[in-house]
Structures are given as C-alpha cells and as structure tokens.
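Engineer: As given, the protein sequences belong to chains C, R, A and P, one line each in that order. The first sequence begins at 43 in the working numbering and counts up by one. The second sequence begins at 43 in the working numbering and counts up by one. The third sequence begins at 43 in the working numbering and counts up by one. The fourth sequence begins at 43 in the working numbering and counts up by one.
Note that these hints are calculated values from the structure, not bench results. Heads up, some of the hints might be wrong.
Because identical chains share one entry, a pair is satisfied inside a single copy or across any pair of copies.
[As the list claims (entries may be wrong)] Okay, derived cross-link-like pairs now, DSSO-like style, lysine-lysine, Cα gap no bigger than 27 Å in a straight line:
id	residue 1	residue 2
1	Lys365	Lys444
2	Lys131	Lys269
3	Lys356	Lys367
4	Lys362	Lys444
5	Lys100	Lys367
6	Lys362	Lys269
7	Lys100	Lys121
8	Lys44	Lys121
9	Lys445	Lys227
10	Lys408	Lys227
11	Lys44	Lys445
12	Lys411	Lys329
13	Lys270	Lys408
14	Lys121	Lys411
15	Lys269	Lys411
16	Lys356	Lys445
17	Lys227	Lys329
Letter by letter, the chains look like this.
4 protein chains.
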Amino acid sequence: MKIFDEIESEVQSYARSFPRVFHRAQGAYLFDQEGNQYLDFLAGAGTLNYGHNNPVFKEKLIEYILEDGITHGLDMHTKAKGEFLETFKQYILEPRGLEYMVQFTGPTGTNAVEAALKLARNVTGRENVISFTNGFHGCSLAALSVTGNSHHRGAAGTSLGAGVSTVPFDGYLGDGIETTEYLDKVLSDSSSGVDTPAAVIVETVQGEGGINAASVGWLQNLAAVCKKHDVLLIVDDIQAGCGRTGTFFSFEESGITPDIVTMSKSLSGYGLPFAVVLMRPELDEWKPGEHNGTFRGNNLAFVTAKAAIETYWKDDAFEKDIKRKGDYIHSRTQEIVNEFGEGNFILQGRGMMRGINCVSGELAGKITKKCFQNGLMIETSGADDQVVKFLCPLIISDEDLKKGIDILERAIRDVCAKEDDMPEAKSYFDENYDIAV
Amino acid sequence: MKIFDEIESEVQSYARSFPRVFHRAQGAYLFDQEGNQYLDFLAGAGTLNYGHNNPVFKEKLIEYILEDGITHGLDMHTKAKGEFLETFKQYILEPRGLEYMVQFTGPTGTNAVEAALKLARNVTGRENVISFTNGFHGCSLAALSVTGNSHHRGAAGTSLGAGVSTVPFDGYLGDGIETTEYLDKVLSDSSSGVDTPAAVIVETVQGEGGINAASVGWLQNLAAVCKKHDVLLIVDDIQAGCGRTGTFFSFEESGITPDIVTMSKSLSGYGLPFAVVLMRPELDEWKPGEHNGTFRGNNLAFVTAKAAIETYWKDDAFEKDIKRKGDYIHSRTQEIVNEFGEGNFILQGRGMMRGINCVSGELAGKITKKCFQNGLMIETSGADDQVVKFLCPLIISDEDLKKGIDILERAIRDVCAKEDDMPEAKSYFDENYDIAV
Amino acid sequence: MKIFDEIESEVQSYARSFPRVFHRAQGAYLFDQEGNQYLDFLAGAGTLNYGHNNPVFKEKLIEYILEDGITHGLDMHTKAKGEFLETFKQYILEPRGLEYMVQFTGPTGTNAVEAALKLARNVTGRENVISFTNGFHGCSLAALSVTGNSHHRGAAGTSLGAGVSTVPFDGYLGDGIETTEYLDKVLSDSSSGVDTPAAVIVETVQGEGGINAASVGWLQNLAAVCKKHDVLLIVDDIQAGCGRTGTFFSFEESGITPDIVTMSKSLSGYGLPFAVVLMRPELDEWKPGEHNGTFRGNNLAFVTAKAAIETYWKDDAFEKDIKRKGDYIHSRTQEIVNEFGEGNFILQGRGMMRGINCVSGELAGKITKKCFQNGLMIETSGADDQVVKFLCPLIISDEDLKKGIDILERAIRDVCAKEDDMPEAKSYFDENYDIAV
Amino acid sequence: MKIFDEIESEVQSYARSFPRVFHRAQGAYLFDQEGNQYLDFLAGAGTLNYGHNNPVFKEKLIEYILEDGITHGLDMHTKAKGEFLETFKQYILEPRGLEYMVQFTGPTGTNAVEAALKLARNVTGRENVISFTNGFHGCSLAALSVTGNSHHRGAAGTSLGAGVSTVPFDGYLGDGIETTEYLDKVLSDSSSGVDTPAAVIVETVQGEGGINAASVGWLQNLAAVCKKHDVLLIVDDIQAGCGRTGTFFSFEESGITPDIVTMSKSLSGYGLPFAVVLMRPELDEWKPGEHNGTFRGNNLAFVTAKAAIETYWKDDAFEKDIKRKGDYIHSRTQEIVNEFGEGNFILQGRGMMRGINCVSGELAGKITKKCFQNGLMIETSGADDQVVKFLCPLIISDEDLKKGIDILERAIRDVCAKEDDMPEAKSYFDENYDIAV
C-alpha cells in the first residue's frame, strides 16, 4: 500500500471504501493480494455486467492478441471493428427495429456524452440543453454541465451554467405532479427563461443520482414533449444500458426511440474502455474529424464487445434471467425494508439496477462498511450517498446473489436494529464467515 | 467495407486517408485484410512510440490476462497499478529529480487535460487559463476551449471563450519577437483585459498545430513568466512525451519543471487507453472522487506501461537512439527541402517529432496521398494541413526509416517537380514496389 | 414623420403602436403635433406615476436650472443629491423601519439590476442567481440573463445561461403547487443541478411578464427560503415600486425586507432618468468605483425625486387614494370580464398595476388598437402580449380614470361581441368622440 | 456631508478625490456650497465639452419645460426627437458624407455599447468580439467583457471571457510592431484560437485606459483588416467623440467609416443622459423592441443636443478653436515634461484629449491632489492611474486654460522637484491663491 500513499493523488474514491490491494478477479469475485475474496455488488460501477474476466470473451481476446490483431487503430477501418458493427447491427439494432449510425468516440462515457451534446447542438443550431435533477453524465466540462451533483460541479472551477436548464426528474416534485408537464409548459412559454433546447438528456434510471427509475409513462410523456417541441431526445444509457434493467437498452420497455443514445461501461463486456454514440441517420451531420480522440479505435474492446453480444444477446434467455434475478432482489429487499426500514426506507430502481434508499447517508455508509467487513463490496449512491446500490454482475449465480443479499440483510439488521447499544461488530472474517476464503 | 458505409458515422477521419480494412500490425507495419503491408509513419498519432504490438509487452499482457489479473479496477488499489507506480517512480521520476503525485484520470488525453485545468483552477481560485495559438489539447469542452483549431472549436455548438486567453506561441509573431514578453506584459498590466490566469497550458512541440517546436529559451522564459506571476505551468506532454522528442518528458532539455504534466498516448506502450496527470505534491488538493471516470483503472494498460518503462527507460540507450534517428530524419528532410522546396518548405520539430511545412495544404495532401499509394502511411498537420508530419515508431529499424523517407522523397519529387505535366502516378502496388507484400 | 422613416432604427416599438408625433404632455394626457389629445394608460411604462410634467416638480426643476444648479455631477457630493438622500431617508426609509445604503448607478433600470447582481455575487462569492419564469429585468447582458422573454434573450447573440437558474413564479405550476417549495427542494438537494445561488431576483408583480402578482404568502415563503439557505433576496421594484401597487415599495404589504432593492422608472417623478440600488448596510462591500457610469449623478432627477417624495409620501393619503382607485379598476374590469370574457379572461395584478388577460395576444392587440383609435393609449404585456395592461398615472382624476375604462370597455365589447360580423369600426376621432380635442 | 457618510454606498469614487459638496456650476467652473470655485479639467469625464449649464442650451431647455414639452417619451415619435434627428442629419451626417441609422438606446454609454455588440452579433451570426488592451466600454456585463480594467472586471462576479478576444492596441508591443498585423494573422489563421469575430470594438483614443491615441495609420490598417475579414468595425466614440479630439467624430482625421458608432457623454451637450448607436443602414436588422430601455426617449436631452449641434457644428469655427487650444495644451505640457519629467514622462493623446503619463500612479495622484488644493479639478487615468488626464471643457476661455495649466505646472514642480525634502505644501486656498474666490 505504501506506493499509493506516496504518489497516488488524493482524488481516490473507491480505494477509500475498499482499502485492499486487489489482484485477481473472476465472475462475481475479486481477490486481494492476500488471497481474500470479495463478492462484487459494485461490478465496476456497472461496467462488469458479464462479470470479471468472462472466460468466453477472454478466449477471444487472447486469440486476437496472439495473432497480432491491431490494438490501436485510430478511426481506421479494421476487421475487428467491422465485425463488431456487423454483430451489433444483426443482434442489437435490427431485432429491435432500430436504425442508428454508430460513432466511436474516445472510449469513456463522458466522451460519448460530449459528442452527443455537440451533435445535438450542431444539428439544431441551438445551445440550450435540458438536464434533470440528480442526473449524472460525466466529469468533463460539457458532461459536467448537465450533471446535478454539486461535489462534481464545484470542482470545475469555471462557469457551468451556459446553455443548460435543469428540470425536475420523474417524481421529484412528489406524487401526482407529472414533471413532463412542467417541461412542456416552459417550452411552450416564450417567456419562461428556458430557451428552446437542442436536446433533452436523460437517464431512464439515474445511477449516480440514487437509482431513481423513471416510469414508463413518464418516459413516453418525455418523448412526446420532445417531439412536440422538435427537441432531440438523448438517452444516456451508459450505466442503465447493456442489460442492466432487463433489456439491452434501458428504454425498450417504454417503447420510445431516442434520437441519440450514449453507451459505454459494459459495452465492451470485459471492462475495457469503450464508448459509442448512436444517432438517427438523418442526424449524422458530422464533418470528418470534427470530434476525435486518440483511443477511439480500441480494437481489443471491439473483440470482446462482439463476443458479449454473441454470447448473451442472440435470443431472449439472458433478458429473462435478468428479470428473474431482478424480481428476486426486489422481493428480498422488500422484506428487508419491511423488517428494518421502520417505514422510512424506500426501494428504488428496476431490473438488476436496484437500491435501498436509507434516507440517511450516514446510515447507508455504516451498512456498506459492515458489508465490506463481511466480504461484500457494495456502494452507495444519491445526493447524500443515502442509497445502498445493487450493481452485481448480471451473470451472478443464484447462490452468490443470495449470499450477497444475506450479508446485506445481516448488515442492515446490525446497523439498524441495535445501532445504539451493540458493541462494534467483529469482522465476519474473524469469525470464519463462510464467504471469506 | 460495406458495414462501415452502412452504419459508421460520417465523423471518420483517418479512415478517409487510408481507405483499407486493416487487420494485423507488428512493429512499424500494418497489414490489411488482403495482406498488404503499410509502413506506419503515423503510429497511432503518436501512440505507438514502441511500435505495434511490441512483443515484450505483449508477453506480459497475455500472462496477466491468463492469470485473471483484474482488468477493470475503478480507482481501487491493484497489484498492477502499484507496480506501475513503483516503476514510474523508480525509472522516470527519481532519476530526473521530479516529485510528482500521479492522478489516474479517464484513460484519454482530453480527460487528463480536463482534470489538469480543474485542478489548476481550484488550487488558485482563478478561472482564466492561457493557451497558445495552434495549441491542441482535446475535444471535450474544457480541452476544446484551450485548443486553437476552428474546425474542432466550431463543433462545440456552445460558447468556448469563457476563461481562456490565447497568446502567441514561440515564433508566431516572427523572428525577433519573444512572445513570452507579450505574455509578461499582459500579465503585468492590470488593464490588459487578460485576467490573471490559474495556469498556462502549453505543448513543447505542437503536434496537431503543425509540429511547431518551442525553443529551449522560450520555454525557460515561459516558466520564468509563470513563476513571476504565480501562475501554474501545465505542460501537455500527451503527444510530445514518452520519448518522442528524445527524452521521456519533452521538457527535459529545457530544464524547466512544470507544476502539472498531462500524459497519455504512448504511456501504456501498447496502444491501450491510459492517461495520467502529474502534479507537484502541494497542488494535490483534490477531494475524494471530485474528478472521476469509469475506466481510470484500465489495469491492462498498467501492465504494458510498466513493461515499456522497464524495457526502454532503465538507461539512456533509448534516448541516444532516438537522437540518432532524429538527426537522420533531420538531415534527410533537409536535403529533400533543399532540393524540392524551392525555398518555401520549412523544417519543423525536434527529436523524432518532425515535419516538413509545405506551406500549401493541397500540396501536402498530394504528397501524403502519393506516399500511401506507395505503401507509406503518413499524415499532415497544421491549421491548413500544410505540414507533412513524421511520427514513425521510435523503435523503427534504420532500414525501415530509410525506406519510409525514400518513399516520401519520391512522392515529393513526383508532386513538386512535375506537378503540372506528369500523368497521374500509377500506384506502386501495381508496379510491385518493393515494400508491398 | 419623414425623418423617423429615414434615419431612426427599425428597433422602434411603441412608435408602431402609437403612430403619431407627440409634442406636449400634462398629467394623464399626451398631445400630438396636431393638438389631438390622448389619455395615457401607459404612463411611460410605469415611469409617470405622478403624471406628465407634474406642475409641482416642474417648478422645482425650473428653479434649479435657472440658478445653475449642477446638472451633471458624476458621483460627487452635491446639494441636490444630499437633499434627495435626506428626504428619502426621512420619508421613505425611516417610517418603514428600513435601513438601506443607497447606490446611485447609471440612471436606467437595467444598470441598477447589473449593479445589484454584481454586488450579490461579490458579497457571497457565488455565481448562480435564481430568476423566475416571466421575469423581466432589462436588456443589458446580466439583466437579460435573468429575463425570461425569448424575444429579448434571442437578441443577445451570445450565451446567456451562465450562472442563472430559472424557477417557476407564484402560480406557474397551477393552483395548489407552492413553487417556493420547489425552490427549497432544489436548494436543499446537493444534486439538483441548481448551484447554491448568490441571490434570488424577483418582481412582486411581474410587469412585462403579464402583470402576474405574487401573493403575500408566496413572498413570505420566498423570503423564508432565502433566509434558510443564506441566499440574498433582491426585489426588483423598478416597475412595481414608487406606489404603483399601493405602497411606496411593492413588498410592504408582505412584510418582507429584501436584502437588495432596485428602483428606477417613477423614482425621479418627472420621467427623468434615475436609478438606485438599496442594500442592507452589511452588504455594502463595494470598492471605490467598482461599478460606475457617467450619468450616475443626474442632479435634475434628484431635484424632482425629492419633490415627488415631499409631495406624495409625507403621509398615507396618497396610498389610500391609490387603493381606492385600484379597487375601482378592479371592480370595473371584473364587470367587463364577466360580461365579455366568456369565462376565459382573467384579471391580474394589484393596486393600480392591473391587467386583463385575454389569453389571445391577437385579441388583446385588437382591443388596444381600438382603444387608441378612441383616444386611449394602453399597451399589452405578457409572453404573447395577451394581457391588456393598466398603468395609468396614479394621480389620474376619477373622471379620467372612468373615461379610460369606458373606452376600454367599449373596445372590448366591439372586439369581442361582434368580432366576426361587425364592420371595421370607424375611428372615434372621425365621429367627434368626446375625449378628442 | 453627514448624509453621504450615513447612507450613500461605499462605491463612491470621484467624491473621494474631490471631497466637497458642490452646488452650482457654470462654464468651466464648479462652486461648492461655501461658494468656493473650482476650475474643471474633468468636465464630467468628458460629458461637458460645452461647459456646465451652457446658457444657450439652458434657454432652450427652460423654454421646452415651460411649454410642457414631453419629458419622457419611451421610443415614441416626438417633435423634439424629430428635430434632433433633422439637425443631426443636416449638420453632422450629411456634411461628412455619412449614412447612418440612429438607434436611441437607454441613455448611458454602456447601454449603447450593449446594443452595438448585440447588433453586431446578430447581423453576423458570430459570437466573438475583438477588444483591445486598456479598452474601456462600460460596466454592464457585455460592455465589461470588452473592457480591460481588472478592477472593474473583477467586480462582475461571473464569467466575462465568453466571446471576447483581447488583442494589443496601437503601440502596445512597442515601436515598430504594427499590432494590426497580429490581428490580421490570428484572423487569417484557422488554428489561432481566435474565432472569427462579429466585430472589433475600439476607441480611437482610449480615455480610461490612459489617453492612448491610435495613429491615423493604425486606424486605417485596422479598418482594412476588418474589411478583409468581413468583420464589423465599431468605434466607441463615447468619450473621444463630440469634438473632444478636434472633429465631431474622433475617426474623421483617419478617413475611416466605421460600421457602427456608439455615442453618449457630451452628445446632449448639457450633461443630460443620452446615448445613441449609429449603424450603416444595411445593418439595421433590429426587430421591434428587441433592445429597449425605459429612458430611451429622454426628450430634454434631444432639445439640448439639437441646440449644441446648431450652436457649435454649423461651420468649422469650433473645430479650429479646439485644434488651436489642443496645440496650446500640447506645447505647454511638452515644456512641463521637458523640465520636470526627467526623461520619464510621456505626452499622450490628441486634440483636447491629452494626458501626461507620469509612469507612477502614486506620483500622478500626488499631482492631482495638489492641483485640487489649488482649485483645479483634474483626474488620472490608466491601468495604474499613472496618467494625469486633461478633459477641460472645449469651450474654456484661453485665460482659464492657461490658469489651469499654470496650476498643474506648479503642482508638478512641487511634487517632482522637491519631492523628498519639501514640507507638505500648504493649501493655496489658505494663501489666497488667485483662482480661489
């Protein structure tokens, strides 16, 4: 650990929650240098939907590297890229009746968001963009300007406001207030102070903002308002996409068709940096090289992304499995909330993107800390870190899923039931708790 | 090729200059699907200083993947990251007397630039940043705001100007005008309209801007002006770093010590996405997670980056080799310019980052097009794409280096000597030109 | 008229609604060059609360000019300024228990708003400002950024959004939704995307935005939310102040005490350019000359402003008179709305700042046009110019007030009752209608 | 004085330099409440070119007020406005071969600048504007963004940089460097980081920036660069116009024709708030009411402005007189500089807009302070207040002009010659110095 203290910047975040030096990983487990194993309910913040080092993809990756397949290709045509595009078209776009052009941006989510915002502004000739309360889209400047979190916003050191209007997300104003009506009103009112926007950018389930799931009806209303006002709809599917909510795209259930979609995180399948922007063909007004980036041709990611699609998305078996596990998480967490929530805890999310809103960030932090003591890596989310966030690999075994929730349940019981009088819990590692090696 | 036409966005750039489907690559060569080989004087726009799929790094990479080393680690401590840091400290920082903290940003250059600008602004509490004419720092919004190129700037669709003042780079105002004096004057003058900046961001050799190399004296003056006005000096070493100019950091020759350094491109050695920000320890005022990014723990890159440093930077042999080859390039291109430049062509750059300024973008384009017909991939740079840019792998063999320059020389001769009356050159592939397979 | 066509810019606005060349004015009447008289229910857009060329102030003004009193004094101390300050303190501030410092800005409302925003931002060190839907604060850039109207916003030609968040005004989201709760929520939520603001800027009755009057309760809630979050409350009392709503300051009825108040329009009493910013003493952190303006010492305005206060604000007689007339306007317009509004028209405003919302801008335009044909100058307001706006001089005689409303009533009857079948109304001037000379 | 201490804001500036309570003024003199007289070499910061309370204009003003001429006319046509326009056309525009449309903005210089910038941006569809080092254009946000002074800029509390690039004014880079060539270069270079601007905004003589006079050749080059790049040229003639430099417009000598001109300060002649924007007819693309302002119809100013033009600009007698006096100031100050400047002092300006650059702000401050002790009001200018600025009324008598310069000369002698060893000078008032009453 010494080298990290010595020369790694203070900006570290997860390393503080999980103060181990990790070495290997497989499926739903990470292993530290001492060989201890940890059940992973964080999954690279949603990047490892198919688990760590998925063996099927690994084989393809090794094969490609061994044959000296191009690693770094800028935006040049390569066999690996072509095959990814074919696969993506055949198994993702066509079965869903979607016609999109694919832009390879720099291989990070924030880069895809930057590109999407540029495109929307250039195509429409408008500057303003609608973002939502508790939205999170990245930490580069334009992405940050549509991100709600003040911790991140405050780090910019320069003006963020230009060309962004924030409106309330689904449910933000309480039950019974359909916030898309507010959006419709300000867009209909030439004196509202909200300039006609190029686009609306939205997450169907807000990952960092607290696992807030928009309802199907709200998404449909949002799409209708966008259409009515000739405003582009950008779905940022970076965290909720790639099956996390139960379908490949998180918006499938609502039946809407966004004009632009950003994808990253689990797209490569193997945790390799990769990001794309999908856009309706008429919107593809990019001029050559207008938006670029050195690593937009990360060919290793093309190889594993293709493998992921071929392995999991050729039929609906995987979707059904996600749904089944999602239902299990829901029912287990419902019981936990009923038993320990004292009427305060709230369940959030959908599919395998779930959260328990503990209202208090301090409480949620105690719970996740205790989980880690017991071998479960799980994080919090939300403005005050008040939501315990489930992001386990979608391919997790039923046994491991149960085990993880069991640990969580015990942690919540320990923290909530006896918070005042119980002695500091001993680590379950000390007690030879079963998941510890 | 069909799939690219069908669903890849029009934003493609290099794919237009080099319209082939590439598959494999090794050292200084790419191979297309038909097996034709191309000598690579582009090197991933400076990302492949150690050549494609360097066999030493490849071995380490395969080994790491096979043992299920963590691929994606967010910002958690991992064995691979720790070893990279140890190696970087031992062979890069310590021998050069540099004390820097290392921040792992999202693994693209533009992300590192965004982080560097945030840090400088937060530490100083100032908003303005000084950028230079013809500077290029990336395409996300804050990086774009310090980038000179109007093609890129114009794509933002929103205001770029806030908090950036552009001043003339070395030589911009002609010989005999030391532009750091202008900078000193506007910073000394409380009524200049140039607000006291947080930082100056500079490339020692402007890669995209036309291979404009700042002189040692100018860099020293720049550092002195920064110090005088208590302004942070950021060297963006993304393209010029990692040995390109002859030393690991491009600023070593000048003896200056930047406050902040951004690195990416060839840092991973293998073309894998990777980027860091180096900062003087006193500047590391980051709060946990203030700047984040899903792929800031691209562990495969840590493995190859360590291998690259261990292989090439343990002693000064590599530096000497770069210098020798750089001199060769210089003398060969000098001859070419003398013979064909008609007094107009200008040599630019230093080390193995060189360019021939052909003044006309049209002319430079004809030259690089003809090179490609003859099996050499080489690109242009500069505001009008008027500079033929040498970015061959640093590890290129003498033979291949000679071969590449020979092709270039022939192309220039063909284009310049007989531009008006010669028939359209047949492709050398058709003529079984020797470098074609 | 020829000279206006020849060389006056197309930017003209009121000159299009009232296409005459006016020459003289007295009390509630304007007279054109031909001697025709027009009853003025526009009153310089709220600048002539005391009527045109009020004879009492006129005498003081003539006297001052004759004795060569200083006309233009920059910000130097002058007898006229001192006497204005004394009078303002004695009859306005002290009786209301208000302690404010007075800043003389450039003598236009927009300039006072610019100064108020600067002050709030400097004192708090924050950039964001909360503005409201349908707010109007002026046409210079910072004032424009807090103005809702897209017609004005669109003319800026540069980014407006930086550092401003627009939230819904009282009633904007319909009955039963207290929009200050929304404001409280976004300010309480660190992930709302609404950065903690320096200030909230609000009109108690939105003049240009459609005569929308905030309720007493809403203003009290707004003040409480500001206090809770340590945000400055700026009341822009430029149009609603100086007695227009029944009290000198429009916020008196609500019992709140703004941190900063902007005043202009009727402040000089005589229609002379004048504007001030009032601020709580602790906020007066201005450095000498930080905000300046050549005409901030328009001493003629000091003279008439003093006369206006002494004449109308020494006791509560004027307030009572405004209330009485306001009630008359209300009851008369209520009858009109009941008779002709077909359930659509809505009464708005309070005091002598009233409006009939005709829902349709086209309809409202026909009404005011017909009014003008009959000798009444009255204008529209609101996002779609859908509100017929009453801004008659506060000192109007009962007879003239009745006459004006009679003309309006007739216009509404003509326009609404027989809109489809009636012939184009002849001008009442042609028919020797009684108010024409 | 008590009331000023009690409730006037700390923002006061001139009131600190001249701590008296003034009451009357006539021609070149102000009188305080005690009857002391002060010779005015400040002239309302250039607003009182025709002296205080010019008796000819005063007569017209009184007459107009007595007959109840309209005081406040919004933008409606009035007899007074029409007559001003006729006069302006006949005696100002036509004799100079200028075709301009006239826009009446809010009656302050900064408002005219805001309007001019809007117009330029809207007509061209571009955002960037070129401003110059040491330029001053006002304190509302857009005007501030093109102003160089950090004292004013720093007060904005929000981003200023958007859409403005500052380039060096004439002489800023030293002799022999023609800064318009730098401007031409950055506008010709698509990678300069200086986006093609809507307009250049320039003062021919920088008033607040230190009485820096652009040469005729530089202005011609600037106009040529603007034309070459299809960029609008805005001359801000607010301080240098209305005869201050010897001709009505300050740019007449150079023979250039700006696309847009802003005027204010001495335009009304009597110190009354007044401002206009002049624009080439093709640029008058304003939509009705796009830029407005309550006091844009300050009819009293129209009356005095007409009188000023008729009195002084019907023939060239006034121009010749200004030139003669300007030459006198120049030769007197040349002698003073030669005798006391020790080779450091520099003469600046042209016509009757002159300055002595004392290099040190402290020194200049001592000089002006001593002048005031001796009955002369004169101010400093420049980034460090290092320039003693001559802005006496253009109509000053030869005797008073000599008297003022005599006082200044004595002050400089006192301050410079014996700075170290002389006792603190007694006030000349105490010594019955001849100009004191």
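Engineer: Check each numbered hint from earlier against the structure, then list the numbers of those it violates in ascending order.
Structural biologist: Numbers 6, 9, 11, 13, 15, 16, in rising order.
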